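These protein sequences, in sequence, are chains A and B. For the first sequence, position 142 matches number 142 in the working numbering, and the numbering has no gaps at all. For the second sequence, position 61 matches number 61 in the working numbering, and the numbering has no gaps at all.
Worth flagging that the hints you see were computed from the coordinates, not collected in a lab. The structure presented is a predicted model; accordingly, all values stated were derived computationally and were not measured. A hint or two may mislead.
As the list claims (entries may be wrong) - Here are the simulated lysine to any residue pairs, SDA-like style, with alpha carbons at most 25 Å apart: (1) Lys-47/A / Asp-72/A; (2) Lys-47/A / Leu-143/A; (3) Lys-99/B / Glu-18/A; (4) Lys-99/B / His-127/A; (5) Lys-99/B / Gly-121/A; (6) Lys-99/B / Arg-148/A; (7) Lys-47/A / Ala-70/A; (8) Lys-47/A / Glu-18/A; (9) Lys-61/B / Gly-77/B; (10) Lys-47/A / Arg-148/A; (11) Lys-61/B / Val-102/B; (12) Lys-99/B / Leu-123/A; (13) Lys-99/B / Lys-47/A; (14) Lys-99/B / Arg-169/A; (15) Lys-99/B / Pro-22/A.
Stated by the list, open to error - Per the computed footprint, the stretches of chain A lying under chain B, defined by three or more beta-carbons under 8 Å from a beta-carbon of chain B, are: (16) 68-75; (17) 146-152.
As the list claims (entries may be wrong) - Just so you have them, the derived chain A footprint on chain B, three or more residues with Cβ under 8 Å: (18) 41-49; (19) 58-64; (20) 85-91.
Quick reminder that beta carbons are idealized off the backbone N, C-alpha and C, glycines included.
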Amino acid sequence: MRTLVQPGAPLQPRRLLEWAAPASDLRVTLAGGQDLLRGLVAALAAKDVAHAGVQVVAAEIARMAYLTGAEDPSGQRVATYGPPTWLEGPVTLLGANGILGPGPDGDTLLHCHAVVVDAEGRLHGGHLPPGDCLLGAGGAVALVTPLREAAFAASFDSETNYPLFQPTRISI
Amino acid sequence: MTEAATFEEGRLGRLAVVRIRPNEDLVTAVETACREHGLTHAVVRSAVGSLVDAVLEAGEKVIQVPGPGIEILTLAGEVRPDASGAPQAELRGTIADGKAQVYGGCFRRDANPICITLELVLQEWLPA
Numbered sequence: 001m002r003t004l005v006q007p008g009a010p011l012q013p014r015r016l017l018e019w020a021a022p023a024s025d026l027r028v029t030l031a032g033g034q035d036l037l038r039g040l041v042a043a044l045a046a047k048d049v050a051h052a053g054v055q056v057v058a059a060e061i062a063r064m065a066y067l068t069g070a071e072d073p074s075g076q077r078v079a080t081y082g083p084p085t086w087l088e089g090p091v092t093l094l095g096a097n098g099i100l101g102p103g104p105d106g107d108t109l110l111h112c113h114a115v116v117v118d119a120e121g122r123l124h125g126g127h128l129p130p131g132d133c134l135l136g137a138g139g140a141v142a143l144v145t146p147l148r149e150a151a152f153a154a155s156f157d158s159e160t161n162y163p164l165f166q167p168t169r170i171s172i
Numbered sequence: 001m002t003e004a005a006t007f008e009e010g011r012l013g014r015l016a017v018v019r020i021r022p023n024e025d026l027v028t029a030v031e032t033a034c035r036e037h038g039l040t041h042a043v044v045r046s047a048v049g050s051l052v053d054a055v056l057e058a059g060e061k062v063i064q065v066p067g068p069g070i071e072i073l074t075l076a077g078e079v080r081p082d083a084s085g086a087p088q089a090e091l092r093g094t095i096a097d098g099k100a101q102v103y104g105g106c107f108r109r110d111a112n113p114i115c116i117t118l119e120l121v122l123q124e125w126l127p128a
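Kindly produce the complete structure, drawing on both the sequences and the hints.
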């Protein structure tokens with residue numbers, strides 16, 4: 001198994017785990033014509049949900065971009081994102097997982113990766129940048145698991161030289 | 001003779017908010033995190049992360065995908081106790097490499113090092 005030398009010293013512990021209290025899950029239906037990630041963040045904010053695990057179970061997408069990994073030519077990090085790949089719809093979402101929490105600037109961030117199939121039946125998948133996934137008329141459905149007492153919050157990670165979601169105790 | 005179906009009654013309990021740091025193996029790190037916190041039965045509720053390189057199994061086929069920066073697109077699976085009672089993870093999902101090729105299968109043990117991070121939500125399963 002190949003490992004990579006990270007730009008910063010290894011941090012301990014190697015595995016972080018915090019216990020969150022169970023809460024009722026939410027099934028969210030998003031209407032078409034809005035951005036998938038921004039629409040989900042806004043819909044959940046209106047329900048006072050800012051920390052959650054998310055499964056997008058269905059979406060019909062009119063136009064979208066996704067990013068895949070690449071080596072970082074600057075050498076400042078072991079991997080970065082390549083240029084976006086744009087897909088014209090109809091694109092059908094097959095599965096997506098997301099983590100919702102406060103980002104490095106305090107705004108709520110939905111970190112989401114998705115696998116989709118394009119209009120010609122080709123599979124695609126990667127990281128979804130916010131604002132670049134316009135839902136078609138069919139909209140989307142997501143199953144949201146709100147997190148209480150502990151959740152993810154972004155902070156700078158000196159080992160990888162990225163701001164990353166870290167398990168954190170919260171007062172909700 | 002094997003029963004056509006067996007049932008285990010139970011309910012979902014607490015949620016584990018987990019992060020795995022770089023170069024740790026996906027399957028064994030999930031198992032170790034569970035063992036460290038006394039979690040023997042769980043299901044994956046959500047996960048976002050990346051791998052240095054990936055090795056997936058699909059039946060007899062072994063799919064080797066070179067990275068770095070392989071995105072984990074979807075992750076599903078369970079943690080269950082093995083014969084000795086230790087948590088054992090069985091994880092499957094889809095990934096994309098740097099050329100945006102998508103692959104799917106079960107993640108092989110000791111072959112899927114985390115690249116930048118794995119953010120994972122597990123929910124404990126409490127057998128009745």
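Each hint, compared with the structure:
With a C-alpha separation of about 39 Å, the suggested pairing of Lys-47/A with Asp-72/A is violated against the 25 Å cut-off. Restraint check for Lys-47/A and Leu-143/A: the C-alpha separation of about 14 Å stays at or below 25 Å, so the hint holds. Taken as a hint, the Lys-99/B and Glu-18/A pair is broken in the structure, with Cα atoms around 35 Å apart against an allowance of 25 Å. Distance restraint check for Lys-99/B and His-127/A: the Cα-Cα separation of roughly 13 Å lies within the 25 Å cut-off, and the hinted pair is therefore satisfied.
Restraint check: the Cα-Cα separation between Lys-99/B and Gly-121/A comes to about 17 Å, which is no more than 25 Å; the hinted pair holds. Distance restraint check for Lys-99/B and Arg-148/A: the Cα-Cα separation of roughly 38 Å exceeds the 25 Å cut-off, and the hinted pair is therefore not satisfied. With a C-alpha separation of about 37 Å, the suggested pair Lys-47/A and Ala-70/A falls outside the 25 Å cut-off, and the hint is violated. Distance restraint check for Lys-47/A and Glu-18/A: the Cα-Cα separation of roughly 24 Å lies within the 25 Å cut-off, and the hinted pair is therefore satisfied.
Proposed proximity of Lys-61/B and Gly-77/B is supported: the alpha carbons are some 19 Å apart, at most 25 Å. With a CA separation close to 14 Å, the supplied pair Lys-47/A and Arg-148/A stays within the 25 Å bound. Only pairs whose Cα atoms come within 25 Å are accepted, and Lys-61/B paired with Val-102/B is accepted, the gap being roughly 16 Å. For a cut-off of 25 Å, the pair hint linking Lys-99/B to Leu-123/A stands: about 12 Å separates their Cα positions.
Among the hinted pairs, Lys-99/B with Lys-47/A is inconsistent with the structure: their alpha-carbon atoms are about 38 Å apart, more than 25 Å. Distance check on the hinted pair: Lys-99/B and Arg-169/A sit about 38 Å apart at the alpha-carbon level, beyond 25 Å; violated. Under the criterion of a C-alpha separation no larger than 25 Å, the hint pairing Lys-99/B with Pro-22/A is inconsistent with the structure, at around 39 Å. Look at the segment 68-75 of chain A against chain B: 4 of its residues bring a Cβ nearer than 8 Å to a Cβ of that chain, three or more, so the hint holds.
Counting residues of the segment 146-152 of chain A whose beta-carbon sits less than 8 Å from any beta-carbon of chain B gives 4, enough to reach three: the coverage restraint holds. Residues of the segment 41-49 of chain B lying with their CB closer than 8 Å to a CB of chain A number 4, which satisfies the three-residue condition for coverage. Interface restraint, the segment 58-64 of chain B with chain A: violated (0 residues with C-beta to C-beta distance below 8 Å; minimum three). With a threshold of 8 Å between beta carbons, the proposed coverage of the segment 85-91 of chain B by chain A is violated, since 0 of its residues qualify and at least three are required.
Hint violations for this structure: numbers 1, 3, 6, 7, 13, 14, 15, 19 and 20, all remaining hints satisfied.
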